[in-house]
Amino acid sequence: MVEVGLTHFLVVSAFLFAFGLYAIITRKNAILVLMGVELVLNAANINFVAFSRYSNYGLNGQLMALFVIVLAAAEAAIALAIVLNIYKTFGHVNVDEIDNLKE
Amino acid sequence: MDFANLHLSLSNILPEISIAVFLMLVVGFDLIFHEDKKLIPYLALLGLIVTGFLVVRNMGITDSAFAVTSMNSGGMVAVDPFSNYFKLIIILASVIVIFFSMSSSEIKAIYKRSGEYYALMYGMILGMILMVSAVDLILIYLSVELLSLSSYVLAGFTKLRNRNSEASLKYIIYGSAASGMMLYGISVLYGLTGATNLFEINNILQTTQINIFTLSFSIILIFVGLGFKLSAVPFHFWTPDVYEGAPLPITAYLSVASKAAALALLIRFVHSTFVGYVDTNGFWDMISVFDWQTLLIVIALFTMTLGNLTALWQKNLKRLLAYSSIAHAGYLLLGLAVLSNAGMSAVMLYFLAYLIMNLGAFYVVMLVSNDNDKESIDDINGLGFSSPLLAVPLSIFLVSLAGIPPTFGFVAKLNLFAAVIDANLITAVIIALLNTVVSVYYYSRLLKHMYFNKIEDTVAAIKVSKTDTTIVLILAGLIIFFGIFFNNVIEFVKNSAQLL
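So the protein sequences, as listed, match chains A and B.
If you're matching positions, the first sequence starts at 1 in this note's numbering and goes up one per residue.
If you're matching positions, the second sequence starts at 1001 in this note's numbering and goes up one per residue.
The following block holds chain A by itself, in its conformation from the complex (with noise of 0.2 Å):
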């Protein structure tokens, strides 16, 4: 039975900030867009306290994971009105098909 440590941790926030990163770059839908969003954040918050847990350094790193729920909370809330104001505007909310602004 592999004791489960430090690096399994960082592992599972690699692949998350990866296919949060990845789910930026290609969904075209913005709800999904976010959600990758979601996922980076979560993917530091898992890193920030799998350090804490694991190293001699403190309580900073679990605060700081307190923060970032909060601020990713409110990033979610504002994002969503954006979104909402988009549909209500466009009808849709479809990132590449907004792009009336450009050269």
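Hint data in this document are derived by calculation from the structure and do not stem from the laboratory.
Be aware that a few hints might be false.
Said to hold, decoys possible - Below, computed lysine-lysine pairings styled on DSBU-like, alpha-carbon distance capped at 35 Å:
#1 B:Lys1374 x A:Lys28
#2 A:Lys102 x B:Lys1108
#3 A:Lys102 x A:Lys28
#4 B:Lys1374 x B:Lys1112
#5 B:Lys1374 x B:Lys1315
#6 A:Lys102 x B:Lys1448
#7 A:Lys88 x B:Lys1374
#8 B:Lys1463 x B:Lys1448
#9 B:Lys1315 x A:Lys102
#10 A:Lys88 x B:Lys1108
#11 B:Lys1315 x A:Lys88
#12 B:Lys1374 x B:Lys1448
#13 A:Lys28 x B:Lys1159
#14 B:Lys1463 x B:Lys1315
#15 B:Lys1038 x A:Lys88
#16 B:Lys1108 x B:Lys1454
#17 B:Lys1463 x A:Lys102
#18 B:Lys1374 x A:Lys102
#19 B:Lys1159 x B:Lys1494
To be verified - Partial chain A-side listing against chain B, Cβ under 10 Å, derived:
#20 Leu6
#21 Ile24
#22 Ala30
#23 Leu34
#24 Phe51
#25 Ser52
#26 Ser55
#27 Leu71
#28 Ala74
#29 Ile78
#30 Asn85
#31 Lys88
#32 Leu101
Backbone N, C-alpha and C fix where the C-beta goes; we use that ideal spot for every residue, glycine too.
Let chain A serve as the given structure and place chain B on it in line with the hints.
Using the frame of chain A, we list chain B on its own:
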């Protein structure tokens, strides 16, 4: 934890407290007197004046707030001449932008919601003045987000046209992705060093062996977040779209104040975390874990070249100024790339000049677009004959942006290039000079539109209130005044270039 010096810490962060108090006052005032919104801008101005006074009172102090005495750490917030200088820059920009908002027709159209508008603006100010003084990764991330969240909303606040909503969406998608990457970088840096305080990280980098590859990865991720705010290439994609889509006062504000905060944060991050010691000539001796100079020079040169070349064929005034602001971010990064005290003070001087001339140029563009609701480059045709009181100041701002004497822009640019030459970065200076030549072309194209493109039917003069004319003339006067009598201001900036 030792709370003995808590009252000292609190007195050190009085400017931040004052902004937070006035933020609540603006919200409360908006709720209580919801019939009369006329006084809210004046309340906002009063708050800025009080805060400015408190910053000036803190001017001589070099101290930190909320330090944990048992751990010999640098605390959360640094109160030093450097942060006070940037706080003054941010407050000055905010004052001008409030006057800006008071006469902008886009903001007048949302008169009923102006309480929220100024409250959000105060949220931005609070985020920015915390950013310029933060020395702890936690506070750095929190203040960057505080600035971002308010500005995402403000970019699409007016909802008058489709492009407002679009700007807001693009800003929040690019911005939250960039800040998420920055947060991941911070988490890796925390894992490598075990500290969140910049001075502690500096100490650990000097004494312990650290995996260079992982460290570089985390630094580049953190740089993504800051480079996004500075609109450095390759994180600049949002800039033209958001600048064009957002209401003009917010565009001007984003191009000056949030860049000031990001630049100050980048300087402090580089200086506090990676400088081993400062030698007698003022050059920073970097801890050899990461090659900041190469990264900054490459990014700076790409940024200014792309900004200047793309600005050449812009038809929209806001877009043109957006690309010009990208180019100026390149000059600022080049000054930082010198990694010396001289480079730092040159960057600070350049930013003061950039603030006055960029806000001035945006102010005139706003007054023109108030009148005919357009922002195309053809809308300033014949402006030199119809409203010389706007055209002459605009010409001064443009000449100063291009860096031609006798303007403040020239003095600042000369100072910056001199610092770069001192560090023997000759190739970089040559590329930057060529860039300046390119920029003269598109700035002078605007002059040509104003003075040589006559239109057949005589255009009516643009209606401008006396306050607006006075503000524009004062800004233009400052550009010329500092272009001739620059000794005192250079001296002031040199004295302010001291980090904790």
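Q | Unsatisfied constraints (hint numbers, rising) | A | Number 19 only.
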